[in-house]
Amino acid sequence: MVPSESTQPRTVGGRGVARPIRPHATDVLVLGRRAWIGVILSEVAIVALAGWVTVLRGIDLRAIDDRGLISVLPPASFGFLALLSLSFSITLRIRPLLAPVLLLHIAALIVMLYGAPSFFEEMPRFVTAWLHVGFSEAIARTGELFPLRDARFDWPGFFVLGALFSSVANMDSLLGVLPWIPPILTLLYLGPIYLIARSATSDGRVVWLCLWFFCLMNWVGQDYYSPQGFNVLLLLTILAVLLTWFRRPSTPLAWPGALRGWLRRPRASEEPVVAPDVDRSVLPGSVTPISNREQVGLIAVIGLLFGASVASHQLTPFAVLGGVFMLIVLRRVRLSGLPMIMVVLLTSWLLFRASTFLSGHLAGLLEDIGRPDQFAATNIADRLVGSSGHFFVLQARLAFTLGIWVLAAVGVIRAIRARRVDLALVALAIAPFGLILLQGYGGEMLLRIYLFSVPFMAFYAAAAFLPRPRPSSWAASAAVAAVSVVLASGLLLTRYGNEKAELVSVEDFRALEYVIELAQPGELIASVNDAVPNGYSEWEQHRTTSLGELWREGDIDGLVEELDQRRRSGLDAYFVVTRGQRSFAELFWGMSDAEWDERLAGLGRSLERVYENRDATVFRLAADGEPAS
Amino acid sequence: MSAWRLWYLGIPVAAFAGAVVAGALGLPAREIVITSFLAVGPGAAITWLSGVRDRATWLALVVPVSLSIDLLVATALLYMGVWSPELSVGIVTVITVLAIGLVPFERGARVALIAVALLPGIVLIAAQLAASDSATTQTITRGEPVAGSLMGDTY
Chain P
1 MVPSESTQPR TVGGRGVARP IRPHATDVLV LGRRAWIGVI LSEVAIVALA
51 GWVTVLRGID LRAIDDRGLI SVLPPASFGF LALLSLSFSI TLRIRPLLAP
101 VLLLHIAALI VMLYGAPSFF EEMPRFVTAW LHVGFSEAIA RTGELFPLRD
151 ARFDWPGFFV LGALFSSVAN MDSLLGVLPW IPPILTLLYL GPIYLIARSA
201 TSDGRVVWLC LWFFCLMNWV GQDYYSPQGF NVLLLLTILA VLLTWFRRPS
251 TPLAWPGALR GWLRRPRASE EPVVAPDVDR SVLPGSVTPI SNREQVGLIA
301 VIGLLFGASV ASHQLTPFAV LGGVFMLIVL RRVRLSGLPM IMVVLLTSWL
351 LFRASTFLSG HLAGLLEDIG RPDQFAATNI ADRLVGSSGH FFVLQARLAF
401 TLGIWVLAAV GVIRAIRARR VDLALVALAI APFGLILLQG YGGEMLLRIY
451 LFSVPFMAFY AAAAFLPRPR PSSWAASAAV AAVSVVLASG LLLTRYGNEK
501 AELVSVEDFR ALEYVIELAQ PGELIASVND AVPNGYSEWE QHRTTSLGEL
551 WREGDIDGLV EELDQRRRSG LDAYFVVTRG QRSFAELFWG MSDAEWDERL
601 AGLGRSLERV YENRDATVFR LAADGEPAS
Chain H
1001 MSAWRLWYLG IPVAAFAGAV VAGALGLPAR EIVITSFLAV GPGAAITWLS
1051 GVRDRATWLA LVVPVSLSID LLVATALLYM GVWSPELSVG IVTVITVLAI
1101 GLVPFERGAR VALIAVALLP GIVLIAAQLA ASDSATTQTI TRGEPVAGSL
1151 MGDTY
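Keeping their order, the protein sequence lines are chains P and H. So the first sequence is numbered by the working numbering: it starts at 1 and just counts up by one. So the second sequence is numbered by the working numbering: it starts at 1001 and just counts up by one.
Derived by calculation from the structure, the hints in this document are not laboratory data. Some clues are possibly wrong.
Taking CB as the label site, the calculated pair distances span [unchecked claim]:
| no. | chain 1 | residue 1 | chain 2 | residue 2 | range |
| --- | --- | --- | --- | --- | --- |
| 1 | P | Pro249 | H | Ala1076 | 38 to 48 Å |
| 2 | P | Ala622 | H | Leu1129 | 13 to 23 Å |
| 3 | P | Ala363 | H | Gln1128 | 23 to 33 Å |
| 4 | P | Asp382 | H | Val1020 | 25 to 35 Å |
| 5 | P | Glu367 | H | Ile1125 | 49 to 59 Å |
| 6 | P | Pro249 | H | Leu1129 | 56 to 66 Å |
| 7 | H | Ala1076 | P | Arg552 | 37 to 47 Å |
| 8 | H | Leu1129 | P | Ala300 | 52 to 62 Å |
| 9 | H | Glu1086 | P | Leu148 | 26 to 36 Å |
| 10 | P | Leu402 | H | Ile1125 | 55 to 65 Å |
| 11 | P | Thr356 | H | Ala1076 | 37 to 47 Å |
| 12 | H | Val1020 | P | Leu365 | 50 to 60 Å |
| 13 | H | Ile1125 | P | Asp172 | 20 to 30 Å |
| 14 | H | Leu1129 | P | Gly176 | 25 to 35 Å |
In this text the structure is predicted, and so the values were computed from the model without any measurement. From the three backbone atoms N, C-alpha and C, an ideal C-beta is built for every residue, glycine too.
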């Protein structure tokens, strides 16, 4: 998969007569040494991975504090990350590139960073993933959709896909595969990102470094069992096909007066030393020849991918449309009619399949359009709350995000100065920011913008270190290794910063398993907040709600009254209190243990306690109004 | 028979033998065969049909295209009021076989790939037949006392 390595035998000979070069003894020696170095570096990667797994298996989950996973990671774990980073940066220096060894390093990194929870968690993390498993389970069991219960059923494609897989695989639930979804999705993202990067540079080192950086930068954690995680794959694949096979010939940039001289001034020392792995036949931005049959086939493939996106997520198709529109407007790709076809598909789905959601929310959606103040309030100001430890994580996330954007900006500037900038990728890095004008998306839009732009940011971050196709210095390699360790540590802090609240303990699960088994159809299962895995099974049969405001105020009588009002007549209501909810309240509300215990004791005096373990308690408000026992 | 024909013969034979061996070893052969097919089969066939010759593009497209086809088929069936995973697999198999049939492969390769594409359907039918046998057995033994309670040990 190395784009820049030629598989053709080397030839010599003048006047059109080519004859193969007979390898000299020194060539064989060099080849042998290269292979041995590759084997040694592969072993280093495997040792780093094995060491990491060993260290992670020994950590104490219950010692995780408000700073998340990083609070319990021993120093040795960072040592293994440093070892892998160093090994990768050395591998990147070997000519021709050792693609299998580079891929092994990236795969090891993915397992270390994205598969990390599977090495220490008791149950799959993150309750939203549990809820999505519940959606698929409900579809597989009933063959029905529930758009009136949850708006996500107006875009059910992903959940139906999960239901199909769980049914044919004879699985009652997809909970068992949850820990491996993030590494698998990340591995799948690499395919289209590879094509995108390859379309923009002839330097194979930049392509591989872009893949490596992408794995180190994607901290937003949207790659769980979710429609958006799957849709990022579709988005990247559509853009990869367009950029690889439907490019227009590059047109020179027109920079304004004063900038032109500075940005485009060639320096004698920068030219023309070229790394031996640069394939000059595939220049960045060049147009790849394509037959009519291939064109038709690939347009059909784009249609399939976009159709699946439209049917499975409410936001990503708009990001696809924005990206494609930007490429068309900037005359980077052909197929100028594609955005129109996409608009028709998207509008048809909204009108005919998502009408349930639109009929109730259209006015609110229109109100949010063009309100950056609303966006800033919900996406930044409202999120900067919580305990001091959590506030530290929030600040780290902002700093990490800004740092990556700055690094990418440096890469763009260096690429411009080296005359190797690809405007298409710059446009795609910027295009997602247009979503700011669309709406706040419940405070999650900034995360999605970051997610949609990170592959292109990673490309220019790589270009910041390797702006020109010539052998890099040892200092540059050391810088790549050092930045990689910083990024890996930053990713562990930012991605797993809420780990205390996002972990699901066995005891929490047992309590939910009990109450789901006990509750009759239509009965209410209430909780303090949403950090409770109450929807993973028989989701459609029970009603759920959270009563966080009353809990925060300490108004237990009011909470019991509210519970009584919200349940259906003649049916029981349950109130579940778990360790995950307690941690959530500590992190995001700054609630102390004493305050929590006081409310728990108050609830015990008003409701019947039907189940208890060291983490969780289940209370019941009986339908017949009997006093608590 | 020339060497390349032996290769083509080897592909479906290896796939069938792998499924049989996995079943014999107690591995979830049905699950492995069908989910693997859904994850790569239709995408591989459609990408071949599209005429893409670049290996990296083919590799990058196989899984996303496969999952998109699975998703669209199953969702369409659900909206038509026919939720049937077996029928979804059947339709995806037909799409895959048709696509392979239209790709200008050499005949031996085409036959071998179609045989592999039909494997999940065969496994699914075999599993259905086994399930119906099992249901018959359950009917006969229904009414016998159940030792222990499913919930008792847990709570």
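Verification of the hints:
1. Distance hint for Pro249(P) and Ala1076(H): a CB-CB separation of about 40 Å, consistent with the stated range 38 to 48 Å.
2. Taking 13 to 23 Å as the suggested C-beta distance range, the pair Ala622(P) and Leu1129(H) does not conform, at roughly 48 Å.
3. At about 49 Å, the beta-carbon gap between Ala363(P) and Gln1128(H) misses the expected band of 23 to 33 Å.
4. Against the hinted window of 25 to 35 Å, the Cβ-Cβ separation of Asp382(P) and Val1020(H) comes to about 58 Å, which falls outside the hint.
5. At about 54 Å, the beta-carbon gap between Glu367(P) and Ile1125(H) stays in the expected band of 49 to 59 Å.
6. For the pair Pro249(P) and Leu1129(H), the beta carbons lie near 59 Å from each other, so the given range of 56 to 66 Å is met.
7. At roughly 46 Å, the beta-carbon separation of Ala1076(H) and Arg552(P) lies within the given 37 to 47 Å, and the hint holds.
8. In this structure the hint that Leu1129(H) and Ala300(P) lie 52 to 62 Å apart at CB is violated, the actual value being about 36 Å.
9. Separated by about 28 Å at the C-beta atoms, Glu1086(H) and Leu148(P) satisfy the suggested range of 26 to 36 Å.
10. Separated by about 57 Å at the C-beta atoms, Leu402(P) and Ile1125(H) satisfy the suggested range of 55 to 65 Å.
11. Distance hint for Thr356(P) and Ala1076(H): a CB-CB separation of about 18 Å, inconsistent with the stated range 37 to 47 Å.
12. Between Val1020(H) and Leu365(P) the Cβ separation comes to about 55 Å, which falls inside the hinted range of 50 to 60 Å.
13. Distance hint check for Ile1125(H) and Asp172(P): the Cβ-Cβ separation is about 22 Å, which falls inside the suggested range of 20 to 30 Å.
14. One distance hint, 25 to 35 Å for the beta-carbon pair Leu1129(H) and Gly176(P), holds here, with the actual separation near 27 Å.
In the structure shown, a violation is registered for the earlier hints numbered 2, 3, 4, 8 and 11, in ascending order.
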